[in-house]
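Q: Note that the protein sequences, when read in sequence, are chains A and B.
Going by the working numbering, the first residue of the first sequence is number 1, and it counts up by one from there.
Going by the working numbering, the first residue of the second sequence is number 1001, and it counts up by one from there.
Keep in mind that the hints were calculated from the coordinates and are not lab data.
What you were told as hints is all true, and nothing was included just to trick you.
Here are the computed distance ranges between Cβ atoms for each label pair:
no.	chain 1	residue 1	chain 2	residue 2	range
1	A	149	B	1092	53 to 61 angstroms
2	B	1052	A	191	44 to 52 angstroms
3	B	1045	A	134	44 to 52 angstroms
4	B	1040	A	28	41 to 49 angstroms
5	A	118	B	1040	47 to 55 angstroms
Think of the CB as a built atom: it goes at the ideal place given N, C-alpha and C, for glycine as much as any other residue.
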Amino acid sequence: MVSVGSADRYLPDTVQQAVKILVVGAFGVGKTTLVGSVSEIEPLRTEEVMTQASIGVDDLAGMSTKTTTTVAMDFGRITLNSRLVLYLFGTPGQRRFWDLWEGLAEGALGVLVIVDTRRLEDSFDVVEQLELRGLPFAVAVNQFPDSEWYGADELRGALDLLPATPVVVCDAREHASSVDALISLVEYVSASSLRTPETTS
Amino acid sequence: MSGPGEEAYADSALRPYVITKGRSRPTRNTISIETLLVAISPPRALPVSATREERALVRMCERLLSVVEAAAHLELPVSLVKVLASDLVDSGHLAARSGVPQAAVPDPQLLQEVLDGLRRLR
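My request is simple: use the sequences and hints to build the entire structure.
A: Below you can see the structure in the form of structure tokens.
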């Protein structure tokens, strides 16, 4: 990664279209690492504001009670060709951030779920939510040096994934390995879009 | 493995929304966080009433940049920048490229282009 000064923070003027992929995972699972290892810019951080109806507060006078929470998000960028750029958004997986996905996922190509085998249970909720919301996703198992090695099929069973959902083992610190995880996701989305061209209208 | 303060979050003061006159949603729904922005050339003068943040955003977009990158560089919440960008597109100061796609399922040709681009990276 080269440090980007203000002179080359910009995109080539020929770029016409931007697409995005969300990288979702529990705290410390390696989202930021993966985004950093594929991004052409030093990952940037921004804040998204999330408004939620307060839980357990009665709506007495017809006035909705809402709380506003600011969530930090790290993101990176890959210019894919002269006209197309891809953004990657590292998004927290915890339950309290799920409302954030709604807005972020709109128009996204898909979601890469990063999983740590030492804390597999952290990912159960995330996977279930993505299935419920009908968001296309692939699972990337971030292989930490001190974690036991499991086969993809074993993990598929443990996470109770649908047979078509891709599972890849990756090292989020490695550029090629992280790119491969993204390729698996897009191949899967591409294959599903060809299979069901007009499922929803 | 992760940067310091990952997923730090805090209940924030609402000051940014004073800048948007209390609005939290942009006027047009075609502005997304990855929408690309560029200042209209030749530049049009902003009205005297333009806020500091609006001026900074137009300056930041002197060349092509996404909404979310502009927000990060300006250290402003991205939701706020979406609202400002939408206004500035309406007023003819910024041009937006690539809004939210209309189709629920991405175009196969676009997906192929993404795949080709990613495979070249390896």
